[in-house]
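Take the given structure of chain Z and dock chain F to it, following the hints.
There are 2 protein chains.
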Amino acid sequence: MKKSFGAKIIVLSAPVWCVGSYDSENRPNVMTVAWGGVCCSSPPCVTISIREATYSYHNIMEREAYTVSIPSGNHIKEADYFGIVSGKDTDKFKETGLTPVRSEIVDAPYVDEFPLIIECKVIHSYKIGSHTQFIGEIIDIKADESILDENDQIDPEKIHPVTFAPVLRRYFAKGSYLGRGFEIGKK
Amino acid sequence: MKKSFGAKIIVLSAPVWCVGSYDSENRPNVMTVAWGGVCCSSPPCVTISIREATYSYHNIMEREAYTVSIPSGNHIKEADYFGIVSGKDTDKFKETGLTPVRSEIVDAPYVDEFPLIIECKVIHSYKIGSHTQFIGEIIDIKADESILDENDQIDPEKIHPVTFAPVLRRYFAKGSYLGRGFEIGKK
Numbered sequence: 000m001k002k003s004f005g006a007k008i009i010v011l012s013a014p015v016w017c018v019g020s021y022d023s024e025n026r027p028n029v030m031t032v033a034w035g036g037v038c039c040s041s042p043p044c045v046t047i048s049i050r051e052a053t054y055s056y057h058n059i060m061e062r063e064a065y066t067v068s069i070p071s072g073n074h075i076k077e078a079d080y081f082g083i084v085s086g087k088d089t090d091k092f093k094e095t096g097l098t099p100v101r102s103e104i105v106d107a108p109y110v111d112e113f114p115l116i117i118e119c120k121v122i123h124s125y126k127i128g129s130h131t132q133f134i135g136e137i138i139d140i141k142a143d144e145s146i147l148d149e150n151d152q153i154d155p156e157k158i159h160p161v162t163f164a165p166v167l168r169r170y171f172a173k174g175s176y177l178g179r180g181f182e183i184g185k186k
Numbered sequence: 000m001k002k003s004f005g006a007k008i009i010v011l012s013a014p015v016w017c018v019g020s021y022d023s024e025n026r027p028n029v030m031t032v033a034w035g036g037v038c039c040s041s042p043p044c045v046t047i048s049i050r051e052a053t054y055s056y057h058n059i060m061e062r063e064a065y066t067v068s069i070p071s072g073n074h075i076k077e078a079d080y081f082g083i084v085s086g087k088d089t090d091k092f093k094e095t096g097l098t099p100v101r102s103e104i105v106d107a108p109y110v111d112e113f114p115l116i117i118e119c120k121v122i123h124s125y126k127i128g129s130h131t132q133f134i135g136e137i138i139d140i141k142a143d144e145s146i147l148d149e150n151d152q153i154d155p156e157k158i159h160p161v162t163f164a165p166v167l168r169r170y171f172a173k174g175s176y177l178g179r180g181f182e183i184g185k186k
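Sequences listed follow chains Z and F, in order. Heads up: the first sequence is residues 0 to 186, going by numbering that gives the first Met the number 0. Heads up: the second sequence is residues 0 to 186, going by numbering that gives the first Met the number 0.
Next up, chain Z with everything else stripped away, as it sits in the complex (with noise of 0.2 Å):
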């Protein structure tokens, strides 16, 4: 027997995402989405969603570009804080301590200190309500050294990455493996 709770939003496993921008004077912004994830294979796209209300909302509607700084589990204050204040009247990077780049490939800065980072040119955006949504096509992903097996390929068990329960607003560290996709639905 399920329960009703009516039309709300109480998803598990929303991502940690933040995301930078320049505004107007090419100062960098960078603020936490939850709304936000993968949205198609070829070409390679994410799409996050953000209220108009917000600076990064201009920012990404004039510049066209953003990325995703994807911080692991000793980030999270940080992560957290950039989602509570406004880029309007503080500079985040300057606050945390924590350094912007310049991407070389779109025109937005990422979080040097985190250990993956999505570029993505903007290919799309559509107003849904309250929030509005930017699909980016993704031009590179990066990441940091300290997250590569000896392959030199991410080694997913070294990022230790955030996931956000909304609503209950409750971080969560990543979990045990529990099997290979593809694989473990053919017994």
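Please note that the accuracy of each hint is not assured.
When chains are identical, the list treats them as one kind, so a pair holds in a single copy or across two.
[Stated by the list, open to error] Calculated cross-link-like contacts (lysine-lysine; reagent style DSSO-like; alpha-carbon spacing at most 30 Å):
#1 Lys126 <-> Lys157
#2 Lys126 <-> Lys7
#3 Lys126 <-> Lys87
#4 Lys120 <-> Lys2
#5 Lys2 <-> Lys186
#6 Lys76 <-> Lys7
#7 Lys157 <-> Lys186
#8 Lys157 <-> Lys76
#9 Lys126 <-> Lys1
#10 Lys185 <-> Lys2
#11 Lys157 <-> Lys87
#12 Lys76 <-> Lys120
#13 Lys157 <-> Lys93
#14 Lys185 <-> Lys93
#15 Lys157 <-> Lys1
#16 Lys1 <-> Lys93
Read the hints as simulated data drawn from the structure, not as lab findings. Because the structure is a prediction, the values reported are computed rather than measured.
Frame of chain Z, contents of chain F only:
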């Protein structure tokens, strides 16, 4: 120093969402997607992306509705199976022994044995490239009594949702609690 991986999808913490739909003969189908997430707060909406070649694509186009059934770790084999075979020639519910339930509010079935259900009406679709995105307005969220706490609210500690690492194709359980959102960043 960061290493470039090119325009690939290497993004951790994708969800494991089992999307329910009906075909033209009212046969229930379910497929697993990792390209999905919340995309708007008001109205509350999720987005899923599906290839046109899938059976579910045509079902959802026609019915303009779908459900998302979120499995816990103990149904990860069934969820993986739902992403491997096609509903064109397989009754995935029959093969797994899981139960399709007709939603009373949207024109789609959900998986009775899975603890958390999102029932959606499609309000927008957009062909990105290989995948078409279906934005679904959440009409109701339903949860098993087994995952409710003493106040009849959803307890994320009880649901044991799964995340998926694309490309690497690894499933992970949810890990340990890290802290409270919009709070730990204030420190």
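Each hint, compared with the structure:
1. Lys126 <-> Lys157: Neither way: lysine 126 and lysine 157 sit 36 Å apart in one copy and 35 Å across, limit 30 Å.
2. Lys126 <-> Lys7: Result: close both inside a copy and across copies, 19 Å intra and 27 Å inter.
3. Lys126 <-> Lys87: within (22 Å within a copy, 34 Å between copies)
4. Lys120 <-> Lys2: between (42 Å within a copy, 19 Å between copies)
5. Lys2 <-> Lys186: neither (32 Å within a copy, 37 Å between copies)
6. Lys76 <-> Lys7: both (26 Å within a copy, 28 Å between copies)
7. Lys157 <-> Lys186: both (29 Å within a copy, 26 Å between copies)
8. Lys157 <-> Lys76: both (19 Å within a copy, 25 Å between copies)
9. Lys126 <-> Lys1: neither (33 Å within a copy, 34 Å between copies)
10. Lys185 <-> Lys2: neither (32 Å within a copy, 35 Å between copies)
11. Lys157 <-> Lys87: This pair counts as neither: shortest intra-copy Cα distance 34 Å, inter-copy 40 Å.
12. Lys76 <-> Lys120: within (28 Å within a copy, 36 Å between copies)
13. Lys157 <-> Lys93: Answer is within: at 27 Å inside a copy they meet the 30 Å cutoff, but 39 Å across does not.
14. Lys185 <-> Lys93: between (51 Å within a copy, 15 Å between copies)
15. Lys157 <-> Lys1: between (38 Å within a copy, 15 Å between copies)
16. Lys1 <-> Lys93: This pair counts as between: shortest inter-copy Cα distance 22 Å, intra-copy 48 Å.
Checked against the numbered hints above, the structure breaks hints 1, 5, 9, 10 and 11 and satisfies the rest.
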